[in-house]
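Enquirer: Knowing the structure of chain A, use the given hints to seat chain B on it.
Chains as they are written, first to last, in our numbering: chain A, 1 to 380; chain B, 1001 to 1225.
Any given hint could turn out to be false.
If the Cβ cut is set under 7 angstroms, some of the chain B residues that face chain A in the computed set are [stated by the list, open to error]:
| # | residue |
| --- | --- |
| 1 | T1116 |
| 2 | L1117 |
| 3 | N1119 |
| 4 | A1120 |
| 5 | L1137 |
| 6 | P1138 |
One-sided excerpt, in silico: chain B residues whose CB lies under 10 angstroms from chain A [as the list claims (entries may be wrong)]:
| # | residue |
| --- | --- |
| 7 | L1014 |
| 8 | S1121 |
| 9 | R1130 |
| 10 | T1131 |
Just so you know, the hints here were simulated from the structure itself, not pulled from any lab data. By construction, the Cβ of each residue, glycine as well, lies at the ideal position given by its N, Cα and C atoms.
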Amino acid sequence: MRDGGRPLAGAIGLSVRIGKTLGKDFSLAAEFEAGAGITILFGPSGSGKSTLLNCIAGLIAPESGHIALGARVLFDMAAGVNVPARLRSVGYLFQNLALFPHLTVEQNVKYGLAKMPTTMREERTATILESFRIAQLRGRKPNELSGGERQRVALARSLVTDPMVLLLDEPLTALDALTKSEIIEDLRGWNASHEIPIVYVTHAVSEAFALGERVVVLDGGRILAQGTPQEVLNAPRHEIVASLVGFENVFEATVQSVSESQGTMNCGVGGSEVILEVPLAAVQPGEGVRVAIRAGDIMIANSKPVGLSARNTLKGRVMSLRREGVTVIVTVQAGVSFEVHMTPGACQELMLEAGEEVWLVIKTYSCHLVTRKSDEQGLE
Amino acid sequence: MNWSAIALTLRLALVVCTILLAAGMPLAYWLTFTRWRWKFLAESVVALPLVLPPTVLGFYVLVAMGPQSPVGRLYQSWMGHGLPFTFEGLVAGSVIYSLPFTVQPMAAAFALVDPTLINASAILGASRVRTFFRIILPLSIGGVITGIVLSFAHTLGEFGVVLMVGGNIPGISQTISIAIYDNVQALDYTTANHMALLLLLFSFAVLSILYSLNRRIWAVWPLHR
Chain A
1 MRDGGRPLAG
11 AIGLSVRIGK
21 TLGKDFSLAA
31 EFEAGAGITI
41 LFGPSGSGKS
51 TLLNCIAGLI
61 APESGHIALG
71 ARVLFDMAAG
81 VNVPARLRSV
91 GYLFQNLALF
101 PHLTVEQNVK
111 YGLAKMPTTM
121 REERTATILE
131 SFRIAQLRGR
141 KPNELSGGER
151 QRVALARSLV
161 TDPMVLLLDE
171 PLTALDALTK
181 SEIIEDLRGW
191 NASHEIPIVY
201 VTHAVSEAFA
211 LGERVVVLDG
221 GRILAQGTPQ
231 EVLNAPRHEI
241 VASLVGFENV
251 FEATVQSVSE
261 SQGTMNCGVG
271 GSEVILEVPL
281 AAVQPGEGVR
291 VAIRAGDIMI
301 ANSKPVGLSA
311 RNTLKGRVMS
321 LRREGVTVIV
331 TVQAGVSFEV
341 HMTPGACQEL
351 MLEAGEEVWL
361 VIKTYSCHLV
371 TRKSDEQGLE
Chain B
1001 MNWSAIALTL
1011 RLALVVCTIL
1021 LAAGMPLAYW
1031 LTFTRWRWKF
1041 LAESVVALPL
1051 VLPPTVLGFY
1061 VLVAMGPQSP
1071 VGRLYQSWMG
1081 HGLPFTFEGL
1091 VAGSVIYSLP
1101 FTVQPMAAAF
1111 ALVDPTLINA
1121 SAILGASRVR
1131 TFFRIILPLS
1141 IGGVITGIVL
1151 SFAHTLGEFG
1161 VVLMVGGNIP
1171 GISQTISIAI
1181 YDNVQALDYT
1191 TANHMALLLL
1201 LFSFAVLSIL
1211 YSLNRRIWAV
1221 WPLHR
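Bound conformation, chain A alone (with noise of 0.2 angstroms):
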């Protein structure tokens, strides 16, 4: 595809720093790099994630800060630099697509090509339709679309411009789960063969699970925690990321005692009698912390477990069992109320039943500290 006039010029990053202000107590203030290959943007609606795509793109203008791609300078408020939209070369798939409605399949493929020599626009629009399996639909107006066709129209409008960098904001939201995964299929398959920044924006984990090679995790206009999403999601330092992530147990916690030679501390939870033992971090006996532990990290028995090497088994009480789809949820009553997620083999094995006196089982690295949203400046 890369036959246009521009040099490869190799891998180019995109470099991000900004600040902005969207309202009284809102503003941006966001820096971040991505090379070539899937950045997730990951974060709550109004975490200000689309005003960030928005300023990559040209389409509103920060009040200070620096947007980069390679040495291309796309925006600088000191230098006065301020590249319009319409010469940025980005690609963006906007949430609703933003297909023009009056325009057929082919015409709305084409329309980024308006400056191109006609044989090679015809050539390319081929190709590409062709590639996104769209070819049969050119004649149809997108109202006569289905979803998924919706998405991978638009999906090559925005690719057929051999953009320098791709913003995806919430691109597959809408679609059912075999959809979703055909497009992220056809946007891997593009990925492999274009050395382009790609910015996905998503509240979905697992689609951050499932592309990116790096998230950023934003919220209240703040960057919280980047890198791989394994780093990310699996050590969640922050309470929103932790929420954010699939941490279903998220609680308060005080701490009782530390205990520095063996990296542990243990912390009464919820007011309540229940000890838990938790890693060591850096805070005081008398001091609150919040705890997250994910729903599939605990395990429940049916008769105080003896020899294990996991630190913490709590006494508690089945509150109440509800399967959706593959997996039993489970709430437990232990200090504070546990969700515990089992499959339902295990469930049955175990006989568990509402009202029933059980053991939690949860093992100290299972416990993840994180960090309470207004402590953020504090810990950072």
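Expert: Relative to chain A, chain B alone:
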């Protein structure tokens, strides 16, 4: 039937519509997309003819065209004669009078175009002009046609401004509505009735065509989303 008045009125309406299409569309575009903080003032000025008595509007247009005003003097030195009581003067007055009827349906239609489509067009490398002609105009064509047709129909039937600015000179500034007034003054009710009926039927036909083309279109006041 006063055929010279009918011909003059049609000619006036056509010229006014052409000028309004050329001037009103950019104005509507600007009013829709500008982020100028005093935009509401411009909106009010454009809408003034809707609420002002035509005589008041006509009076100020007349004064503005007169030999005492810079505009009047400039025109006089260019053309060798003044604007008032000429066909050109009539056109100028009618353009101002019908401006809101062109601008408001257009601005309303432009504002209804999904802004992400405009953004998408820019991202795909299109200039503002290309975005306007390829995306905004086709998607708001109903509003543009409405604006043109309404200002045409409105110009056909105007009275006050025409009388103030153009006087009542047959063949130069006597339009249908003024001719009807003349006939009634002369107690010639039959001729007045024929002319009035013609105007009534024509206006009805225009509006019927408009509504059959586009059911969502308002008739009088659209402006805000």
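Enquirer: Determine for every hint whether it applies to the structure shown.
Expert: Hints, verified against the model:
no., hint, in the structure
1, T1116, "holds, 4 angstroms"
2, L1117, "holds, 5 angstroms"
3, N1119, "holds, 5 angstroms"
4, A1120, "holds, 4 angstroms"
5, L1137, "violated, 10 angstroms"
6, P1138, "holds, 5 angstroms"
7, L1014, "violated, 29 angstroms"
8, S1121, "holds, 7 angstroms"
9, R1130, "holds, 7 angstroms"
10, T1131, "holds, 9 angstroms"
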